[in-house]
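These protein sequence lines are chains A and B, in that order. Residues in the first sequence are numbered consecutively from 2, following my numbering. Residues in the second sequence are numbered consecutively from 683, following my numbering.
Treat each hint with caution, since some may be false.
What the hints assert, rightly or not - Simulated crosslink set (DMTMM-like; lysine to aspartate or glutamate; CA at most 20 Å straight-line):
1) A:Lys157 / A:Asp78
2) A:Lys76 / B:Glu724
3) B:Lys961 / A:Asp57
4) A:Lys181 / A:Asp136
5) A:Lys89 / A:Asp78
6) B:Lys741 / B:Glu724
7) A:Lys223 / A:Asp148
8) A:Lys76 / B:Asp727
9) A:Lys89 / A:Asp79
10) B:Lys741 / B:Glu759
11) B:Lys950 / A:Asp57
12) B:Lys960 / B:Glu929
13) B:Lys835 / A:Glu7
14) B:Lys738 / A:Asp79
15) B:Lys835 / B:Asp727
16) B:Lys738 / B:Asp811
17) B:Lys760 / B:Glu742
18) B:Lys960 / A:Asp78
19) B:Lys741 / A:Glu80
20) B:Lys738 / A:Asp78
21) B:Lys738 / A:Glu208
22) B:Lys717 / A:Glu7
23) B:Lys772 / B:Glu724
Calculated directly from the structure, the hints in this document are not laboratory data.
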Amino acid sequence: MRRDGEITVFDIIGPVMIGPSSSHTAGATRLGNLACAILGERPQKARIGLHGSFRDTGQGHGTDKAVVAGLLGFKPDDERIPNSFDLKGDLEVEFFDPELDGSTHPNTVVFVLTGTKETITIKGSSIGGGRVIVDKIDNFPVELSGDYPALLTVHKDRPGIIQSVSEILARYQVNIAFMKVYRLSKGKEALMLIETDQQVPATAQKEILAKKDINWVRFVDKISL
Amino acid sequence: MSFTSISELINLALNENLPVAEVIIRNESEALGTKREALLEEMQDRINIMRSSMEKGLKEAQYSPSGLTDAKAYNYEKWRIKNDDSIYAKVIARALAVAEVNACMGRIVAAPTAGSCGILPAVLLTYADEYGLEERLVESFFTAGAIGVIIAKNASISGAEGGCQAECGSASAMAAAGLVELEKLSPKLIDTAVSLSLQNVLGLVCDPVAGLVEVPCVTRNVLCSVNALSCFSMVKAGLKTPIPADETVKAMKQVGDSLPETLKETAKGGIASTSAAKKIACEIFAKKA
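Bound-form chain B, shown alone (with noise of 0.2 Å):
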């Protein structure tokens, strides 16, 4: 994809009177030279691979070798049936799910990381059968796509590079992005839902317990979810900000360069260092030896 920030994506999209989804497709469709009906097809598919990580994570529960991941999605969803019927619940429902899925060697799709694949499937799919936005969805995964690539350009997708902020904070303006294309609202509030997504999760440090993503990597699935989900509610209320998407990304890139060694995938600071954490590392090593 040839664009390098969002709003140089959005003003194209306003100028051609169309919606972001489809300026995506249409460049992606000239620089891979394959057709449009394929690229299509092939987000169909990874829509479909999600939904049924999501499944999996939801009716069988879920528990790692490490014991870290145990079946959080499962038993928080029997708990949501009976007791919460909101969106809320079952996007954080299907973020853990997702999340879950992937700690215990399940197939999945990464979004923009494996690390934090539940965000896109929690917020999008979710939404979307929530809402009958469905025939949608593949059109609002592109403009959530195009954002992770712009993302990934200017500042970083990677939690050993930016901390978890570039990680699950990147799949939460994804989202947040995503939501503005299914529902076909203005371009122009793309830029706000990404901008104020990644302001609430700016400094969000990478610090996995025994350097396993598990803890807190699932739950921090469900808190940029749920944040993706919240912004996007404040950018259809008219809420604005006055900070641009671009210049959001390049706060992050600056606040991840400046995050020290131990915050970023080490497993040497932050939760990964508290004394519960260092114990169970050790246990997992001895289990190892």
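Here chain A stands alone, though its shape is the one from the complex (with noise of 0.2 Å):
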């Protein structure tokens, strides 16, 4: 399906998933290749928290199998997926109940993702058809689909930021397709996804990062379905 909702014959006559459920399994794996994808690198431990039907028909679907597989970076219609556990490696992980309440959505994961360099929490849900959100990453309240390339910057709220964001993004010819702004209070810390129609080169998130009041940056490149 495209941003504008409208949707293509090859939605209909796919995706090319590894079954059997595309919210369980499909979406599960996409969940993963983006909380992997927003650490930056392939976690070293992983705890997962599955919520809902995700926690409850999990196994039955190989949800669990699948949200591994996502952290190694296979794809949805990897043949792999099923044997996620053999294939782990060193990554540790633990599975854990994420405790939320009666109204998120019933297909929902919580990763706890350690990186070499830092520990994030994830979280986001499978919303049909393999189509993810994820909606929070540690206490910020985002909306990212893996639908499109997105750059993610945590900064200082002041005013200057994102014309100097937009600004190298415009000299390395990135369009920005749709933007947002979250802030948890005035004059803190905000987190700005960008997405965009290009992929954002290395050097362009080295300039960004290198800017006054930018704290971190990634970038979390579109997972096709």
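Combine both chains into one complex, guided by the hints.
Put into structure tokens, the structure is as follows:
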């Protein structure tokens, strides 16, 4: 599906995926892919909290295997997904009950991922047909679908930051498709999510990170279905 | 794809004297900015994957971790080869095969969903094989897909939203439309094929045992495949229905909306709520703990 809601024939005759469920298997794999991309590297340790239908029917649907496969970088049509536990190498995996409230989407997963530099908590849901939404990164509410390449920054909430980032992107010929800023409170830290039409080159990411008051930059590439 | 009704799509094809598939390919090519050849190639790739899952399910006995999938395709095919060479039996075997490969974490093409992935390959590939129509398969999948898009826009293709009629039922209507395209019959017949096949499965509930895409999903793929083939046969013979396809789609939406939550993928009603099913669910949960 395109962002404007237009459905194509290939949304219907597709996606190509490992069964049995687009929400519980394909979507779960994509959530793992996105979480891994947000951490910026393959995690060393992953605490995985399955909620609702993900927890209740997850084993029968292979949701547990699919999220781990996603963290290993396998795509939703990778035939290695059923064997992800055997292929995870030294990735430490632990499942837990995330104890989310009843209003949370039934197909939700919380990742607590530890890499070489940091530990990040990421929450996301599988919303049908393999489509997903990451709606929380640490304490920031976000809305990241993986349908577009995306640049994420965490910066100090002050005038001029957004302009300085968009200026760098423009210089690298990266067009901004959608953009949103989320802040916890005025003047404190804010998270900016910029969905783009092109990939954001590593040099551009470096330039952005070098800007004053920008503390964290991550490029999350599009994850096709 | 920009079409929002089946009548609009068919009328355009009739006015331009083109097969429905051509109208869709042109429309998708413009909407996506993708060349026609690339679209055809992409569809062919997906058809090839469907064929692989079909062959896998027939040749390799499929067993799922829950135990609910127990090599039905493999065993049926063994029996079929000795006893029944009809196209119906072939369609049954292949619908079981793809649906079981899906249940066992094999690679499939959702069409329109994973739970209903056996229907289009079983119907269209088998029919094309049987009557030597392989060269029109890609076109038939575009027509089938377009019907799915229109159903998704006006009703639903999700079991959680509209029950099994929305998943396997939609696939059935898509397959019936695909057969009309495969045989290159008048676009008008697509309307009848879609309407008839949907009418036959209206009200079909989504009630998976233990919430897993296995029982009765795998055999519902058979039901809806055979339904597509039967409706197409009636259409080919000139039988009609007084209800236009677009109105049947609306009726499906209305039925889906009035179905209680217990019958929409929650595993709380229908077959899922039988004592046998509850016992199975308990055993699966016990295994987990």
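ask   = Going back to the hint list, which numbers does this structure go against?
value = Violated: hints 1, 6, 12, 15, 18, 21, 23.
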